[in-house]
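Please put together the full structure from these sequences, using the hints given.
Quick note, the sequences are listed as chains W and X, same order.
Residue 442 in this note's numbering sits at position 353 of the first sequence, with consecutive numbering throughout.
Residue 427 in this note's numbering sits at position 337 of the second sequence, with consecutive numbering throughout.
Calculated directly from the structure, the hints in this document are not laboratory data.
Backbone N, C-alpha and C define an ideal beta-carbon position, used for all residues, glycine too.
Careful, some of the hints might be misleading.
[Unchecked claim] Distance condition first, Cα-Cα at most 30 Å in a straight line; then the derived DSS-like pairs of lysine-lysine:
{"hint": "1", "chain 1": "X", "residue 1": "Lys100", "chain 2": "X", "residue 2": "Lys288"}
{"hint": "2", "chain 1": "W", "residue 1": "Lys144", "chain 2": "W", "residue 2": "Lys173"}
{"hint": "3", "chain 1": "X", "residue 1": "Lys288", "chain 2": "W", "residue 2": "Lys115"}
{"hint": "4", "chain 1": "W", "residue 1": "Lys173", "chain 2": "X", "residue 2": "Lys226"}
{"hint": "5", "chain 1": "W", "residue 1": "Lys288", "chain 2": "W", "residue 2": "Lys173"}
{"hint": "6", "chain 1": "X", "residue 1": "Lys226", "chain 2": "W", "residue 2": "Lys144"}
{"hint": "7", "chain 1": "W", "residue 1": "Lys288", "chain 2": "X", "residue 2": "Lys227"}
[As the list claims (entries may be wrong)] Chain X side only, calculated, beta carbon under 10 Å to chain W, not exhaustive:
{"hint": "8", "residue": "Leu97"}
{"hint": "9", "residue": "Thr219"}
{"hint": "10", "residue": "Lys227"}
{"hint": "11", "residue": "Met373"}
{"hint": "12", "residue": "Glu395"}
{"hint": "13", "residue": "Ser405"}
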Amino acid sequence: MTFRLPGRAFIRRTLALAHAEVLHVKRDRAMLVQITMVPLIQLLIVSNAATFEIKRTPTYVIDYDRTSTSRGLVTRLASSGLVKVVGESTSPDESNDAMLSGRATLVLMIPREFEASLVRTGTATVGLDLNAEKGSAAGIVQSYVAQTLEAYSRELGVAIRPTRRNVAVRSAQFLSPRPDAGMIDVRARGWYNPTLDYKDYMVPAVLVALVTMVGTLLTAQNIAREKEVGTLEQLNVTPISRAEFVTAKLLPFWVLGLLDLTLGLIVGRIVFAMPIRGSLFLLYGAAGIYLIVALAIGLLISTLVDTQQQAMFISFFLIMIYLLISGLLTPIDSMPHWMQILSEFNPVRHFNAISRGVLIKGAGLRQITFQLTVLSIYAALAMTVAIRQYRKRTA
Amino acid sequence: MNALLGLLRKEWYHILRDRRTLFVIIFYPVVQVMLFGSSIRTDVRDVRLAIVDPTPDATTLELRNRFTASSVFRIVSVTPTDASLAHLFQTDTAQVAVAFQPRFGERLSRGEAAQVLVFSDATEPNSGTSRQMYVKKVLQDYQREIGLSTGAIRIEPRVRSRFNPTRVSANLFVPGLMAVILTIIAALMTALSLTREKETGTMEVLLVSPLRPWQIIVGKIAPYLAIGLFGVLSVYSVARIVFGVPMHGSLILLIAEGMLFILVSLSIGILISARTTSQRVAMLAVVMITLLPTQMLSGVVFPIESMPRFLQFMSQFFPARWFIVIVRGVMLKGVGLAYLWQETVILGVMAVILLTASTRSFKVRLQ
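Here's what the structure looks like:
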């Protein structure tokens with residue numbers, strides 16, 4: 090294939106064909122819905138639903154001790170805002186039932202002699218039965234409870250076992266202007282998302298998913314339909330070249346992808362108050378490059394199939410794999426090592442890193458140079474392969 | 091009856107002839123389960139830590155060693171100022187940073203409060219929180235060991251994790267995926283196969299044939315019921331063999347509930363195809379009405395109790411939500427109908443309503 094400089098004829102023919110494409114899109118109601126409504130609904134539903142936020146854990150309490158210390162512990166946990174007491178009794182059967190039926194996800198068991206043991210030996214155990222079906226959430230709940238217990242025992246320590254050291258520390262606290270004198274004072278802060286809102290994390294990723302869908306699915310489906318109804322043959326017998334055909338077919342979808350991104354950004358900003366900390370110009374530049382990759386993959390799929398149904402199934406299949414190992418829904422750092430390596434080859438991963446980096450963290454060009462370079466290489470590669478694969482003659 | 095058998099044969103040929111779609115149907119469940127099953131690890135490991143230490147001394151060096159000694163942290167940068175932290179976070183080089191106050195050790199030894207700032211990248215809130223808690227734990231352990239803690243008593247939690255003691259995420263996701271895969275096979279395939287008959291005009295031939303509406307529906311449903319059964323078994327096998335997901339309950343019950351769920355999905359597919367005329371519209375409707383809600387709203391990946399009220403309410407109308415409770419209950423908790431009868435009844439009612447509605451809407455078009 091020879092790469093000539095685009096002459097005037099090339100531009101004219103490409104634009105004419107692209108114009109036809111635009112008319113098709115405008116005429117086709119289903120397509121319009123696919124382009125406008127689907128992304129909107131996706132954005133609204135997915136951004137709200139895609140959350141691992143930990144709400145108050147429904148907890149069943151079995152308190153065999155029934156002393157002020159054990160009651161204090163229950164009250165302390167309940168008032169910490171992470172535990173909701175849903176039932177209480179001294180019957181293990183009932184707690185088991187609550188767990189099996191899903192009413193409770195945590196059972197707190199305070200043994201007999203809890204307070205007595207604390208006074209006598211300074212230690213006591215409590216039982217925590219955790220429904221660990223939801224692995225990571227269970228881990229966080231467990232650490233929260235452990236931290237609350239730690240804080241509670243620190244408070245209790247002075248009251249229950251007035252050792253010499255404790256008294257000394259207490260009087261030191263009383264005398265000193267700083268209550269935590271001689272302590273390591275740990276202050277923690279979460280950057281970029283101090284309110285720990287999952288929407289801030291998800292909306293930039295849903296934008297990536299939208300652009301991917303438009304780029305790959307719509308393109309594959311569109312060309313497959315021309316094949317199915319036979320209009321592709323008509324195009325093939327016209328004098329337009331492969332490069333012209335490909336450019337004209339892809340250009341409208343490239344623009345559409347950017348339009349959908351704009352739509353998503355506006356909705357994300359207005360409805361979800363999504364942060365935009367970096368440069369939008371940079372984001373659009375990256376999206377422009379990424380869309381070339383997505384479109385080329387769509388074109389490749391369309392060359393492999395005969396019908397729309399096949400195009401849909403195969404694009405769905407691919408997009409699913411793509412999105413799953415991109416860090417879109419689940420962080421890449423929590424994937425197994427082999428999958429992390431595999432994901433380096435996934436363009437979605439890099440665009441997603443750019444989207445989150447620019448929008449949430451305010452990353453600039455210097456911070457995303459690596460991802461941009463990788464995407465540019467993929468764009469050049471994918472486009473070359475797709476154009477080579479596309480043949481004007483049908484078999 | 092002969093006519094029905096003929097129709098069944100025809101459907102089989104259709105399915106078997108389309109190799110690429112068949113390939114996707116067979117491999118979709120396997121690949122999705124493999125990917126999802128291994129895409130989430132919940133243990134915190136290899137956290138990239140940045141240290142800001144303006145005046146390194148024995149105490150801060152000791153603390154640094156403690157961070158690296160645990161397999162949890164890997165120190166990626168040590169700087170005297172926090173100026174470069176933003177860059178480290180933005181490029182994702184560091185995930186958490188610990189900044190010591192100047193003259194940290196000195197202050198501590200003089201009995202003053204020594205401050206440590208812990209910054210974590212909370213872009214993904216839960217990971218951010220867990221990493222932060224790990225850092226705090228290292229600091230607290232150190233504090234306790236050097237005897238700075240005032241708490242002379244300890245309440246020790248003895249934790250027992252039930253139903254998924256190793257907290258393997260595959261145990262959570264894989265059973266849920268069964269619902270997604272069955273929805274795709276059942277609803278999407280049926281809707282597409284019926285609308286394709288309309289699009290290509292062969293539906294008319296079916297309608298003028300002596301077949302009764304219910305026979306057409308049975309003919310369309312039966313093959314996909316079989317494929318769905320295959321789907322249940324393949325997800326089950328991958329779950330058991332590859333991921334070692336436990337099976338505490340009865341397989342027969344699981345298969346029976348699976349068939350019930352497939353029936354519901356199939357009727358949705360038929361209902362959609364009765365109201366649409368082209369494959370693309372049908373496909374769009376299926377994605378919007380069943381696939382997206384099943385993936386996002388049924389608790390497959392994201393827990394329902396974390397969602398806003400409105401979506402929690404909405405999720406009750408999607409059959410997958412109930413089916414997932416059943417699958418997890420049977421596989422992970424080993425419970426039987428005694429605990430799952432409510433979900434089963436809901437699915438049953440949905441099946442009856444939807445099947446009636448789809449047969450009805452089919453009749454209308456006969457006239």
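The hints, checked one at a time:
no.: 1; hint: Lys100(X) - Lys288(X); result: holds (16 Å)
no.: 2; hint: Lys144(W) - Lys173(W); result: holds (9 Å)
no.: 3; hint: Lys288(X) - Lys115(W); result: holds (24 Å)
no.: 4; hint: Lys173(W) - Lys226(X); result: holds (25 Å)
no.: 5; hint: Lys288(W) - Lys173(W); result: holds (24 Å)
no.: 6; hint: Lys226(X) - Lys144(W); result: holds (22 Å)
no.: 7; hint: Lys288(W) - Lys227(X); result: holds (28 Å)
no.: 8; hint: Leu97; result: violated (20 Å)
no.: 9; hint: Thr219; result: holds (6 Å)
no.: 10; hint: Lys227; result: holds (8 Å)
no.: 11; hint: Met373; result: holds (6 Å)
no.: 12; hint: Glu395; result: holds (6 Å)
no.: 13; hint: Ser405; result: holds (8 Å)
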